Every structure is written in structure tokens, then in C-alpha cells.
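A.B. asks: In our numbering, the protein residues as written are 14 to 148.
No lab work stands behind these hints, which were simulated from the structure alone.
For clarity, every value in this text was computed on a predicted model and none was experimentally measured.
Be aware that a few hints might be false.
[Stated by the list, open to error] Ranges of calculated distance between the beta carbons of each label pair, as one might list FRET restraints:
1. Ala148 - Val22: 17 to 27 Å
2. Arg21 - Gly142: 15 to 25 Å
3. Ile136 - Thr113: 23 to 33 Å
4. Arg122 - Ser57: 16 to 26 Å
5. Thr147 - Lys43: 43 to 53 Å
Glycine included, each C-beta is placed from N, C-alpha and C at the ideal position.
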Amino acid sequence: MELSDASRVLAGILLISLVTVETGGVLMYKVVTGRQEATPLQQSFFRAGHAHAGVFLVLALVAQVLVDATTLTGLAEWVARSFVPIAALLLPGGFFLSVTARGASRPNRLVVLIPAGAVVLAIGLLTLGVGLLTA
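Model the full assembly from the supplied sequences, consistent with the hints where possible.
C.D. replies: Take a look at the structure:
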């Protein structure tokens, strides 16, 4: 199976972006070893953000191949192809950005990125799933 140009380009971008997840791993290592101060909330949110980022980026890579196996076109193809990567930015971004203040004990307003990312992910996966079932 040959990848479409859209899948090839987005997969390349996604693979390169996995380096940012590696950077998040460095932060997690510093927090866990006590080299970076973090409140219990920050520890939990950093851990969740790091895990979601890695899993969603890998899922976004798989989705590229699966979109090429559908007959989706136009807006539906764009949603199936791009919403999982978008969720990989929104949801983990919400975990990280909502607790960046020193000594944070409550998330800030950017916590809304978490449910927004979850909705975007669900729409993308449903579109892709239906596209696969109807191909």
C-alpha cells in the first residue's frame, strides 16, 4: 500500500513532533527525581499530559494509514485525517498549560482545552470509523 501525499506529509510532521513528547519526558524525569518542583496537581497533570500526547500522536500516525483505506473525500476526509492530530495538541496542551503557574493548586482557564480535545478526538475517530465501515 502506498501512502497518499497528505498521509506522507502529515506522518512526517507527526514523527518530528514526537520529539516534543520526548522533551516532556525530560520534564517528567526532573519532577520525579525532585530536580523540578511541582505541586501534586502539577505532577498529575504533567503525567497525564505527557501520556496523552504520546498515545495520541501514535494514534494520529495510525489514522493516516487508515484514512487512505477509506473512500472519504472533502470535509469528511479532512476531519478523519486531522482531528486526531489536533486532539493530540489540544488535550495534552490543556493538561500542561493549565498548571504552569508556580505552585499551582488549581488549573487555570486553559483547562477547557482538555474537554475540547476530547470532543475533537471523538469526532475524528467516529468519522474515520464510519469511513472504514462504509468503504
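A.B. asks: For every hint, state whether the structure bears it out.
C.D. replies: Hint by hint, here is what the structure shows:
no.	hint	verdict
1	Ala148 - Val22: 17 to 27 Å	22 Å, holds
2	Arg21 - Gly142: 15 to 25 Å	23 Å, holds
3	Ile136 - Thr113: 23 to 33 Å	28 Å, holds
4	Arg122 - Ser57: 16 to 26 Å	18 Å, holds
5	Thr147 - Lys43: 43 to 53 Å	47 Å, holds
The structure meets every hint from the earlier list without exception.
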